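Spelled out, the chains give:
There are 2 protein chains.
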Amino acid sequence: MSSELTLELSSKSFDGYQYVYSHDSFTVDCTMKFGVYVPTIADNECVPLLIFLSDLTSNEQNFITQTGVQRLASKYGFIVANPDTSPRGCNIEGDRDQRDFGEGAGYYIDATEDKWSNNYQMFSYVNDEFYELIIRNFNVDISRIGIFGHSMGGHGALISFFKCPGQYKSVSAFAPICSALKCEWSRNAFTKFLGQDETLWKEYDACELVSLYHGPMPYAPVLIDLGSNDQYKDDYLFPDKLLEACCNASFPIQLRQQIGYEHGYFFVMTFLEDHFKYHKNEFEHLK
Amino acid sequence: MSSELTLELSSKSFDGYQYVYSHDSFTVDCTMKFGVYVPTIADNECVPLLIFLSDLTSNEQNFITQTGVQRLASKYGFIVANPDTSPRGCNIEGDRDQRDFGEGAGYYIDATEDKWSNNYQMFSYVNDEFYELIIRNFNVDISRIGIFGHSMGGHGALISFFKCPGQYKSVSAFAPICSALKCEWSRNAFTKFLGQDETLWKEYDACELVSLYHGPMPYAPVLIDLGSNDQYKDDYLFPDKLLEACCNASFPIQLRQQIGYEHGYFFVMTFLEDHFKYHKNEFEHLK
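Read top to bottom, the protein sequences are chains A and B. Per numbering that gives the first Met the number 0, residue 0 is the first one in the first sequence, and the count goes up by one each step. Per numbering that gives the first Met the number 0, residue 0 is the first one in the second sequence, and the count goes up by one each step.
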């Protein structure tokens with residue numbers, strides 16, 4: 000392990016280890032924590048990596064304590080790494096006033112407005128610094144890296160996949176914010192992070208990005224799960240817009256409506272294994 | 000559902016439902032919350048019930064959010080109910096000063112000292128009021144009810160099994176406090192709840208109780224898991240004392256040392272399915 004990482008937690012689970020590390024991030028200019036589960040098989044060989052991006056208000060703890068991901072990471076032999084959802088402790092005025100903006104709500108974008116741009120560089124953090132950090136420090140097969148996420152993190156996973164062609168071999172999402180341009184949460188945040196000019200916002204909207212995507216195509220349609228009782232579905236997530244945009248762009252997607260399920264971790268944990276299977280299948284069909 | 004229960008949470012998970020209810024408890028004289036997972040199969044038939052007792056500082060949320068129990072309850076077709084670890088909101092002086100005493104730390108015993116005896120009646124709450132409440136309100140097969148728990152809750156499960164012969168057909172535990180008479184946490188609590196006379200304390204010590212037990216014997220030795228890296232093992236849990244007491248009482252027990260595992264939920268979640276299998280096997284061999 001390189002000296003750049005500080006071990007915060009190490010706990011054996013399903014034969015492998017759940018770790019939490021902290022490190023000084025040069026991208027977001029503060030100390031960041033992340034979770035990483037390492038299965039036993041990674042002691043001896045390079046294994047696939049899944050990066051999971053979390054939802055609004057979560058930190059690096061929620062995914063690793065509330066989904067039972069360790070069982071699946073052990074069973075499938077994947078390293079699973081999950082970054083925090085924002086910079087922390089930067090003490091910028093207003094960064095803790097709203098649950099849908101600031102700490103716990105970075106939207107995985109790079110802020111351009113002066114007040115926020117020194118710290119809120121979550122797109123670059125996840126896809127450059129964090130990505131490289133995980134590859135450098137753990138036994139990752141760099142040809143088999145996927146990304147997925149939940150709600151705000153589903154948005155993050157989709158835009159990361161579309162904006163970094165080929166970097167991630169697979170993508171999936173649970174109840175993602177499908178159109179950040181339309182979602183009230185992200186509109187509020189984008190106004191602050193990016194300013195009033197909505198043309199800039201399109202750089203971080205999955206529906207806009209899919210029409211510009213020219214990278215490798217998935218083998219099976221991208222898996223998106225959504226609960227029929229998701230309380231945010233109609234007013235914040237806009238799955239229909241993504242279906243329409245993907246259809247127009249001839250990008251394959253499968254949006255599964257899960258009857259009776261809601262938005263939270265009880266929904267995510269139920270279908271988490273299906274997402275592992277999806278990514279595994281994509282890795283097995285790499286061109 | 001009877002009017003005695005107030006629904007606090009209902010969330011679909013693994014095809015069944017995770018609920019949290021509150022109710023006004025006459026036993027502990029305050030409003031109590033509990034979790035209960037109901038698998039789909041219970042819509043049509045009576046199913047087994049497992050009661051899970053949690054550890055120090057937990058409330059009804061920890062077990063249902065941190066162990067992935069829903070997957071197993073669904074897979075095995077069990078109702079799983081978990082009460083809180085203490086009365087709440089009683090505003091007794093000193094009930095929130097220590098992490099190992101008072102709120103979140105009721106030790107599943109019935110207090111006799113005046114200051115605490117009106118509310119801290121957790122043994123009677125779990126084994127009478129809560130037990131009856133679950134049977135009355137959910138589709139439980141009363142011939143197949145087991146109890147298990149973690150740490151303080153492992154102690155609670157063991158003493159409940161021994162003190163209520165035949166009420167629970169099976170018992171198991173994760174890293175239980177094996178001898179409450181020896182554990183510093185419970186000694187502190189018993190002094191306050193029961194007074195100075197340690198002969199009274201023996202009524203709530205698993206090692207003492209096994210020697211008095213004359214109820215039905217388990218089919219397979221009672222399953223107890225303990226992590227070799229459990230930081231509380233030697234000074235608070237005293238597993239050797241339980242092994243010795245069970246041996247002397249000819250009561251069958253299997254204490255599995257799980258190499259490298261610690262005390263917390265990452266350990267519990269890893270071996271939770273083994274405990275479901277254990278209880279299922281006991282139910283299948285009921286005499």
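Simulated from the structure, these hints should not be mistaken for laboratory data. Treat the hints with care, since some could be wrong.
It does not matter which identical chain is meant; a pair holds if it fits inside one copy or across any two.
Said to hold, decoys possible - SDA-like cross-link-like pairs, simulated, lysine to any residue; straight-line CA separation at most 25 Å:
hint, residue 1, residue 2
1, LYS276, GLN65
2, LYS74, LYS279
3, LYS279, ASP14
4, LYS74, ILE258
5, LYS114, PHE282
6, LYS201, LEU285
In this text the structure is predicted, and so the values were computed from the model without any measurement.
The hints, checked one at a time:
1. LYS276 <-> GLN65: both (20 Å within a copy, 23 Å between copies)
2. LYS74 <-> LYS279: both (12 Å within a copy, 23 Å between copies)
3. LYS279 <-> ASP14: both (20 Å within a copy, 24 Å between copies)
4. LYS74 <-> ILE258: between (27 Å within a copy, 19 Å between copies)
5. LYS114 <-> PHE282: neither (41 Å within a copy, 63 Å between copies)
6. LYS201 <-> LEU285: Answer is neither; intra-copy 29 Å and inter-copy 64 Å both fail.
In summary, the numbered hints that this structure violates are 5 and 6.
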